[in-house]
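Using the hints, position chain B against chain A.
Protein chains: 2
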Amino acid sequence: MTVSREIRLKSRPVGVPTADNFELATVELPAPGAGEIQVRNSWMTVDPYMRGRMNDVKSYSPPFALGEAMQGGAVGEVIASNDPSFAVGDLVQSFFGWREAFNAPAGAVQKLDTFGLPPQTFLGVAGMPGMTAWVGLLKIAALKDGDIVFVSGAAGAVGSVVVQIAKLKGHTVIGSCGGADKVAFLKSIGCDEVIDYKAEKDLTAALGRVAPKGIDVYFENVGGEHMDAALACARPGGRFALCGMISQYNATGEMYGIKNLIQAVGKSLKLEGFIVSNHFQHLPEFLQDMSGWTKDGKLKWTETVDVGIENAPGAFLKLFKGENTGKMLVKLS
Amino acid sequence: MTVSREIRLKSRPVGVPTADNFELATVELPAPGAGEIQVRNSWMTVDPYMRGRMNDVKSYSPPFALGEAMQGGAVGEVIASNDPSFAVGDLVQSFFGWREAFNAPAGAVQKLDTFGLPPQTFLGVAGMPGMTAWVGLLKIAALKDGDIVFVSGAAGAVGSVVVQIAKLKGHTVIGSCGGADKVAFLKSIGCDEVIDYKAEKDLTAALGRVAPKGIDVYFENVGGEHMDAALACARPGGRFALCGMISQYNATGEMYGIKNLIQAVGKSLKLEGFIVSNHFQHLPEFLQDMSGWTKDGKLKWTETVDVGIENAPGAFLKLFKGENTGKMLVKLS
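Respectively, the protein sequence lines represent chains A and B.
Quick note on numbering: the first sequence equals residues 29 to 361 in our numbering.
Quick note on numbering: the second sequence equals residues 29 to 361 in our numbering.
Pulled out of the complex, with its shape left as it was, chain A reads as follows:
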């Protein structure tokens, strides 16, 4: 019998989530049934998109159920197997995060080939966030020679990969983030210009100052005033990859109203929202690029790590306070 602790959604957050919305529960796992395996998670991820799943609304991903363990990416090790395709000790990746251990049908779990990278990078730079950056920049915004690139939320898990891919392809890159530590981090990964949005009264003026020629590509993670600034500073033919708008996820009243969308007409701008899971056909290409870049030292990653399943809700909440630099992770074992 394996004991596992898990985080359940206790109540649906209204506005910014609080610790009270979550509860820690302990379950006992039986030995895995026929065709099942038992996995102990070593790492789990917390990501901004999970906020949407805490609402009871129809979206591309169904809402979390109240009173049940939440879901999300995790890597771990097989600790018992009742299926011939897995052996004890196999490293695996799954969507059974927010818990220390679980039983699952063998088909619901993937063996993880790490290409020599640390396993938790498959929750970050080599996983969903990294692929989101790669797809958004190269497939949605269709980065091309000479583009000046602006990335909001640039110090986050996705943004910091966007910055580095654009830099290693030779582009001028402007990043925005909140706070001096993140500014220093973005400079350290090669960002040409950094806007500390918390230190600016007028984001459009700030972007105009650091990008006097304008921008061609905007990778949108933040929304609100950032979107207006990007529209105002975009050059004709600009392409916007809309990955997320974290500033709006906890809005309870009216959303921020975008004033400058009209500029998309005269400047022939293209704005495209995307969900990385609709682009998994590019996974082999992404993994080839990413393993090459990381092996050559061209792409670095930074992690903010909290330890223990009991701290997973707190780690999730840090995302909305901007308390993470790079990938926010929870180490479980």
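It should be emphasised that the hints constitute simulated quantities derived from the structure, not laboratory data.
Among the hints, a few may not be true.
Pairs count within a copy or across copies, as identical chains cannot be separated in the list.
To be verified - Distance condition first, Cα-Cα at most 25 Å in a straight line; then the derived DMTMM-like pairs of lysine to aspartate or glutamate:
#1 295 <-> 253
#2 172 <-> 221
#3 172 <-> 105
#4 349 <-> 224
For chain B alone, kept in the frame of chain A given last:
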């Protein structure tokens, strides 16, 4: 010596233009010089995009100069020629609107092959507005089988062509317009559902009511609340062709703020602004389609006609009061 009257921009409008912003002037045209021709305009067009050229701001089209005749599409007849490529009586198209007659280098004027259509249709259904509809719907929104199409400003020069192209290609089409006469007009050209935005308190609710399955394509002519409604009702994978936002052209304070752009992320929507002049490579294909459709009686046009150069400013102002159905034109001779 030919006498011509012309409309000059007297002062730059702030907000909604008024008659005081324009002045009527009389000029005497000498005989055309070597390589020049003299043209008497029979029709000129007024279009919403001209409002932008009345502001002194950088855009895709330079501002009109104060104290000089404005410019715009016109069709007319050669009345004197000092160039071997044109003969008196030739029907021509030019950008020398807002005047009764003009001299111009032969290379600045195009002979007009009407394909049997009335010449003024080349300022409307077979001209810039028609091609704007065609490009926006077929090339930008990339209309495909099964798409449900929503068009704002549907009773206007561009919108009424969008409605008809979408209908003749077999689509369900929802149009919005202001007033009962326009509703009747849209029903007469085959629109499946019509929203009278002036009669609705909540445009999103109205669109949801007439498009319970949602929309796949939005052809944007109006902006503001229309854009929020389209974003709210869009189905995943929706494509928005951003042609114009007439509701915002005369804004003096803050623009309307779009609240629902965040939905572009989760629904993977693509919003693309365009300027028809960037797509003139499709002109032969457009003319072939349009002459075929009009000859077969599949595509009809409606005109609102004012007479006389002195009434051109008033005709222009009608566009912003929604007093035109179909193409707003000024007959000059």
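Hint check:
| no. | hint | in the structure |
| --- | --- | --- |
| 1 | 295 <-> 253 | both (19 Å within a copy, 21 Å between copies) |
| 2 | 172 <-> 221 | within (20 Å within a copy, 42 Å between copies) |
| 3 | 172 <-> 105 | neither (41 Å within a copy, 47 Å between copies) |
| 4 | 349 <-> 224 | within (15 Å within a copy, 44 Å between copies) |
Figure legend: structure checked against the earlier numbered hints; the only hint not met is number 3.
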